[in-house]
Every structure is written in C-alpha cells, then in structure tokens.
Amino acid sequence: MPFILIKLYLHWLEKKRSEIEQIMDNNQMGIHQNTVRWVSTSPNRSTYNQNDHKSDSIILARKILPADTNPLGIIHGGQTLQLAEQAGHIAATRHCYSSNNNNRVTQTDQNIYNAAYMARLDHMNFLQPIFVNEVAQARAEVVFVSQHSLAVEIEVTAEDPSRGTRRLTNRGIFWYVNFNKDPVSQQVSLAKVPPLLHYDVDKYQKCLQLYNQQKENRRLVQGFDDITIKDNIASVSNIDQTGATKETQATVAASESVLVHMVMPADCYQIQRVTGGCLMKLMDNVAAIVCIRHTKGTIATASINDIDFLKPVKMGNLITAIGRLTFTSTKSMEVQVQVIAEDIWANNSNRYVASSAFYNFVVLQKNDKVPSLILTSDYEKRLFEEGRIRYENRKKMFKKK
Numbered sequence: 000m001p002f003i004l005i006k007l008y009l010h011w012l013e014k015k016r017s018e019i020e021q022i023m024d025n026n027q028m029g030i031h032q033n034t035v036r037w038v039s040t041s042p043n044r045s046t047y048n049q050n051d052h053k054s055d056s057i058i059l060a061r062k063i064l065p066a067d068t069n070p071l072g073i074i075h076g077g078q079t080l081q082l083a084e085q086a087g088h089i090a091a092t093r094h095c096y097s098s099n100n101n102n103r104v105t106q107t108d109q110n111i112y113n114a115a116y117m118a119r120l121d122h123m124n125f126l127q128p129i130f131v132n133e134v135a136q137a138r139a140e141v142v143f144v145s146q147h148s149l150a151v152e153i154e155v156t157a158e159d160p161s162r163g164t165r166r167l168t169n170r171g172i173f174w175y176v177n178f179n180k181d182p183v184s185q186q187v188s189l190a191k192v193p194p195l196l197h198y199d200v201d202k203y204q205k206c207l208q209l210y211n212q213q214k215e216n217r218r219l220v221q222g223f224d225d226i227t228i229k230d231n232i233a234s235v236s237n238i239d240q241t242g243a244t245k246e247t248q249a250t251v252a253a254s255e256s257v258l259v260h261m262v263m264p265a266d267c268y269q270i271q272r273v274t275g276g277c278l279m280k281l282m283d284n285v286a287a288i289v290c291i292r293h294t295k296g297t298i299a300t301a302s303i304n305d306i307d308f309l310k311p312v313k314m315g316n317l318i319t320a321i322g323r324l325t326f327t328s329t330k331s332m333e334v335q336v337q338v339i340a341e342d343i344w345a346n347n348s349n350r351y352v353a354s355s356a357f358y359n360f361v362v363l364q365k366n367d368k369v370p371s372l373i374l375t376s377d378y379e380k381r382l383f384e385e386g387r388i389r390y391e392n393r394k395k396m397f398k399k400k
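Here the sequence shown stands for residues 0 to 400, where the numbers follow numbering that gives the first Met the number 0.
Take the hints with a grain of salt, since some may be wrong.
Stated by the list, open to error - Simulated pairs of lysine-lysine, BS3-like, Cα-Cα distance not exceeding 25 angstroms: (1) Lys395 x Lys205; (2) Lys310 x Lys180; (3) Lys394 x Lys380; (4) Lys180 x Lys191; (5) Lys313 x Lys295.
What the hints contain is simulated information worked out from the structure, not anything from laboratory work. Note that the structure is a prediction, hence the values are computed from the model and not measured.
Given the sequences, and given the hints that come with them, work out the whole structure.
So this is what it looks like as structure tokens:
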C-alpha cells in the first residue's frame, strides 16, 4: 500500500511540474491578460517574443522597508526615482530586444549587450507619500520611439495590502537612448530602436511634441564620446566650496552642499555606465540636505522640473553632486543640482557636468515657514527670479488640473 501511494504521489508531482513548466513557458517575457507582467531572466535572448502582448510595458514592485524611508517613515524621494528608472530601463531595453528589431541579439551573438541609457526625465510630481510596509509599484510603458531614443511613461502607485487600497503617487516621462556594447573592443555605440507597433495615439503625439521641443537643446541621438556640454561649466569650481556652514544663515552659501560618490558595479547598467536611478537618488539626497540646512525642519520632495543627463558616467568614475538654493516661497524651496563627473584613474582627468536639474521641496509642518533667502549677488538674484517664474508656472499648471 505505501508503495502505491508513493507512485501516485510521484505521478502527481510530475504532472504538476509539467503544468508549472508550461505556465512559465507561456509567461516568459510575456503576460497573461489582466495579470502582472513577467520579466524573463533567461540568458537566451533569442526566445523573446514581442507578439505575446500589445504594448511594451512592465510592472516592477517592491515592499517598502525602514531602510528605504526618511525619519518620518515615508519613502525617500530618491528611492522612488530609482524604482521608477529601473522599471523604465527594463521596458526600454526589452523593446530594443523585441522581435520587430531586425538587428536584435541572436543566439550566436548574445554576448553583445543592448541597453537603454537614460537621457532625460520630463517633469515629475510627487503626488502622495509612500509609507513603510506598503508596496510600491512602478508601471513602465514605451509610448514613443524615434530612430535612436524611446519615451517611457512611468506611473508609481502605493498599495496598502492590509486595507486593499491603492493610490497614484508619481507620474512622469523618462527618455532613453539605445546603445550596444561590443564584448571584444568594449566600445559602446549608438543602436537603432525598433518601431513601436502598438501605441496610444494621444500619448504618442504628446511625446512627439516633447521630443521636437527638446531636439535643439538636448541631443538625444548622439554617441557617448562626442556629447558637448552646453550648461554652465564654470559651476565645476563650486566643487571646492565645502565651507558653507560657516556662512551667514539663510544665504545661498550657508546651505550649499556637496556629496561625493565613486561609481561601483551595482550603480551601473550592463554596459558599465551609471544608471539614471543612481544619479537621481544622489541628486535628491544632496537637494534634501540643502533644504534641511536652510529650514532646520522636516521637508519632502514635491516635484522635479526636468533632469538632463548630459554625458554618461563610466564605472569607477568619481561623481560629485552640488546643490544650492535658487528660490524660496513661504512653504517651498527650489534647489539647483549639478553632478560633476571625473575619471580619477586617468593621468589628465577632466571634470565635466554629467547631469543637472531643479528639485522642489516643501516643509511638512503646518506652522513652519521657509526662511527668506538672502541674495548676495546679481547672479543669485537672476537665478531667484528665474525660479520664481518656474514656481508661478507650476501653480498655474496645478490650477488647470
């Protein structure tokens, strides 16, 4: 009798194993309708089947742990940006490997890496906080492609599993450029983006308009080695101004802050260039330090105007994030952040501006007000006026919504 039971049990196990394998085969790099999308980790990239679903989208989720939060138990803004960028990178890179790409990686050349490198983030608002023990989900969908670039729409939601509720917390457009890395020469080169077969017409037209607006100012389709820096390169000199705390309180210099980080393998895409998520998290950190120094109170990230990734940063390089206040209102602050990159391994290392952005923060206590910013130069006054215009434009945008 036990022998018969063992045989029946083994037969049941074999049947279940076959069923599971069949389910995994159906879900590999694809999706069942109205279910969570699966991302394959198989090294055999030639098994990718783009026709399994209508749009290039994925959902990346993670439970928020205390290590992800600030002292208030709210997720750090940089963590949200990093999660969103990871989802966008997966969606964009997967599209670059799609079956409608005539130049996609095959079984014979699977060591050649395709990777979507983040080039720009269009305006993103932090609509609601995400708390510890909630589940943050980043949904990323490719909504526009050009010859060498992709636009990925990101929506971040927070789910409270104990209550069964979900709310929208962030939304933005992330832009990526497609690159190949040759395993022999280690050279990184520009690669074409396959066409988008299924898309939302309204979203496509909106991104096309954004693409045309930025084309003159932001060269999305240039290679790694010939991107020119048009921003204020003189700001590199700020890297040595670390004595901010000795200045008169409430001046720009008093809160100016610097963070330094060496790019490690964990910070990089497989093409050994730093991820956009790593840079955005570092930038959010230094911007938060600036605001805390100025207010001595509790603050939170409210929005990001735009982030431009002007030139890629290689693994092993040193990156320095510099943050300085440009505008304050009674409840909010605008911080200009620039990332300076340096190849410290080279004999003649040149520093360059790798990324720049304006971060907006708010004070959380109802009775707290942001101290007025003391301006000490014509340059600071000009930046303050430009920040005031951006502030008024944001208010108008919210009123329209």
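Right, here's what the structure says about each hint:
Restraint check: the Cα-Cα separation between Lys395 and Lys205 comes to about 19 angstroms, which is no more than 25 angstroms; the hinted pair holds. Taken as a hint, the Lys310 and Lys180 pair is honoured in the structure, with Cα atoms around 17 angstroms apart against an allowance of 25 angstroms. Distance hint between Lys394 and Lys380 is fulfilled; the C-alpha atoms sit about 21 angstroms from each other, no more than 25 angstroms. Under the criterion of a C-alpha separation no larger than 25 angstroms, the hint pairing Lys180 with Lys191 is consistent with the structure, at around 13 angstroms.
Among the hinted pairs, Lys313 with Lys295 is inconsistent with the structure: their alpha-carbon atoms are about 36 angstroms apart, more than 25 angstroms.
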